[in-house]
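Build out the structure end to end from the sequences listed, making use of the hints.
Protein chains in written order, with this note's numbering: chain S, 1246 to 1585; chain H, 3 to 506.
Don't read these hints as lab results, they were simulated from the structure.
Pulled a few chain H residues facing chain S out of the computed Cβ check, cut under 7 angstroms: (1) 57; (2) 81; (3) 95; (4) 115; (5) 116; (6) 277.
Anything over 10 angstroms on all C-beta distances counts as not near chain S; from chain H, calculated: (7) 26; (8) 263; (9) 314; (10) 326; (11) 371; (12) 400; (13) 501.
Cβ atoms here follow ideal geometry from the backbone N, Cα and C, with glycine treated the same way.
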Amino acid sequence: MTIRPATVALVLFFAATLAFFSVSAPRFATATNYENLMAGFSFVAILAMGQAFPILVRGIDLSIGAIVGLVGMVVFDLTLIFHVPGYVILPVALVVGMLAGALNGVLVVVLRLQPFIATLATLAAYRGLTYTISGRQLVPGLSTTPITDRWIVGIENYFDVGGWLGVNKLLAMPWFPLSFFIMLALFALFQTLVLATRFGRDLYAVGGNYEAARLAGINTGRVIITAYALSGLCAAIAALIMVARFTTATEALGTGSELTAIAAAVIGGVSLAGGIGSMFGPALGAFLLGAVLLGLTLQGVPQFVQQIITGAILLAAVGYDRLLVVRRQRRLAANLAQAG
Amino acid sequence: MDAPAILRGVGLTKIYGNLVALRDADFSLRPGEVRALIGSNGAGKSTLIKVFTGAIAPTLGRVEIDGVAAPLGDPSEMIRRGIACIYQHSNLAPAMSVLDNIFLGRQPTRRFGFVDSARQRREARALLERHRIAIDLDATVGNLPTVKQKEVEILKALALDARVILMDEPTAWLAASEVAKLHDTIRMLKTRAVGIVYISHVLDEIFAVCDTMTIMRDGRVIAESAVADIDRPRVVHLMVGEKLARESAEAAHEKRHPRGTGEIRMSARDLTKRGVFTEVSFDLHAGEILCITGLIGSKRTELLRTLFGCDRFDGGTLQIDGRTAAFASPTGAIAAGVGFVPEDRHREGLMLDMTMTENLAMATLDRFHRGLMLQRRRMSEAARQAIASLSIQPPDGSRPVKLLSGGNQQKVLVGKWLNRAPRILILDEPTVGVDVGAKAEIYRILRRERERGAAILVVSSDLEEVFTIADRIGVMVAGRLVRIHDADDCRLQDIVREIGGAAA
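In C-alpha cells form, the structure reads like this:
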C-alpha cells in the first residue's frame, strides 16, 4: 500500500489544527482536553470506520445513529428489565447491530433500493422500534435507575499510560480511555481486512467498477450486504461505549451521529464515488472533527453554531471529493484522446 | 472441422422489450480456432458475446461448453469453465493497481482469506515475461494511458488460463504497432489450442489473423465461412445486406444535394473540447443532410451535445447564420432555431408517462399559452396535425408515449421539433431500435424537412442509414472529423476503412 498524498495532507492538516487551537483556544493544550477528545470521539471514529464500508461500495448508511439507539435500548432492557448478565448482553448487542446493518444491505441488494433511500427508511424504522421497546416507557421508574452491570459500565475505564511509562514527572499525560484502545484494535483489524484480504479486494472492486466486479465472478451481493453488516456492527460497538459512559440509554441515543460519521469518513478521503479510501482517513477524520469542535467550544462558540460548522465542513469535504472525481474523469478522457 | 466444439451456442435469442437483439443464432468454436464475428452496429455481436460471458441470460436457447450445457447468466460459472472476455468498454476498477485488476475477483489466498500477494506478484511476473509485456504492476489503472489499460484487460484474460477468449473490438483504441503485438499474442494462444472470437470492424485485421468468420445482421447469423474462401466485397455485401445494395441503388436515383442551396447555416472551425474532440471543422448548408459516422467512442455524441449548448467547448468558433454563437445552454440554441433529437429517447428525449400531445408540445410551449395558462385546445389541435403528418400509429394524442412502439416514439421525438420549423435539426442515431417501416418513414420526414430548406446534421453508426439519407458523409475517428465526402463520390468500402482508422 502506497501512502497517498491525500493521507499526508490529512495528517498535516490535523497537526495544523492542533497547533492552531493550542495557541488560540484557552486550555486546549492540556491533558484533560486530550482526554476529552479521546473519550468523546473514539466512538465517532468507530462509527466513521464502519461508515467507510458502505461508502467504499458506493453506498451510504444513514441508519447508524438509529442503530446506536436501538442497540442502546436493547442493552437497557436486557440489564434493567430482564437482568441478563453483561457477558451475554455484549455479544447479543453486537449481533443486533450486525443484523440491523445486514438488513440495510439486503434492501439495497435484493430490492435494489438506492442506499440513501433504503437507509433513510430504516433510520425511521429503527428509531421507531427503539421507542416501541423502550423500557423507560414500559416500566415506570426505570428511567432513573442507572446501569451497574460490571461488564457494561466496565467499558468506561481509563488507563494511566503516562504512569506506566514513568513519564508523568516530565509531562502531564492524559489518561487513556478504554474506548480509544477499542478504536485502535478495530482500526488494526479493519485496515488489515480492507488491504490484505480477498474480501477487501472485492470491496474495492465492487465500489470501483460494479459491472467489472460482477463479470469477474465476484459475488457482489454478498460483498455489499457484508459491508452494511460491518457498519451495523460498528454502530453496536459505539452504542456500548456510549451506554457505558452515560450508565443509561435514552430513545434519542446516537441521533445525528450518522452525519458526523459520514463527514469524518469523507474528510478522511473515502470517496463517495466508491472504491477509494482506507480506514486511516475516517479514524483520523473523526479526531480532526473532534479537535475543531472542542477547540471552538473552548473559544466559547455556542453549540448551535458548531452544528452549522459541522455541516459546512461536510459540504466542503463532499465538494472537494466531487472535484477530485471530475478531475479523474477529465484525466481519463484525456488519456483516451491521446490514444487516438 | 473434425475437432469437437469447445464453445457452442444453439438457437440463442435475446429480447429486450419489443426489440429482438438476437434471433435464433447458432455459433460454434473449435480449439485453436480464431473466429471473426462481424456485422454492422446493432447486428447482435455484443449481445451474443454477453450471453457467452454470462453477463446476460438469453431469452431462449442454450450454451454448451465441451458438449455440456452451461448455466446461463452467471459470470462466475463461465469464468470457472474457462471463458474469458476482453470487453469493448473498459472493465477495470480504475482506482486499483494493475496487479489487483489482473486478479480481480480471484486473488490467490492463504488461510483466513488473506491475499497471497507474493504468489500473486510471482504469477503476474511470469505472465508478463511469457508474453513479453512491460507494465508496472503497482501503477494505478486509472492513471495509465488507454493502450496500457487494454493490455491490462488482455493480461486479465491471459491470467485465467482461459480456453476461450472473446475479444469485443480489442483494437478500437490501439495504435498499429500495438495491434500487431496483439495479433502475435493471438497466434501464440492459437498454438495452445485456445479458441478465440474476434470482433472488429476493420476487415484488414480479420483477414490478417482470423481463420473463420461468422457474419451477423439484424440479430441473425446470416453466413459462416472460412476466411480463405471469401473475399472482401462479398463480406461487405453480406454485412450490409441486399437491402442496402438495393436502397443505395435507389438512393442514387434520389437526387442528392451536397451543400444544399449553398447557404451556410452552421459553420464550425477548429472546435475543440479538451480530452474529447479536437479541431472539428465543417459547414452545414441549408437543404442538405450531413451524416457523421464512426465507431462508438469516436465522440460524435459529445460533439452534437456541444453544438446544441448542452456542453461547452474550449476552443475554436461556431457560427450560426454567419453570427458567432457560443450557447451557454440549449435555450440559446433553440432560440437560434436549432432542434436536437438525442440518442437515448427514453432517458433524454421523452417524458414517457406523459401523453403524445404533451410531448409534441414540449419544445413549443412558449406558443401555447396565454398569460400563465396553457391553451390545451390549441395544443391538441397542433398535435392532431403533427400526428397525421407524421403518420403516428395509433393516431390518439391522449395516449401515453410509453405505450407506443419504438418507431412511433421516435417520430414523436422528431415531431416535437418540427412544430418550430427548425432552421437546423441535429439528430443522434435517429433510428436505433426502430423497425424497418418506421425507419423509412423517419427518412421520409428528414427528406421533407430538407426540401423545406432545413439544414440537417445526423450522427449514425448504421452505414445502411448513412448511405440512404446522406448528401454528404463525414467520418469521425477518435475525436477528429477526418474527412467529409460527397455521398455520390464515395464507396462503402472506403468509409468502412476510414472508420477503422486506416489512412484514407
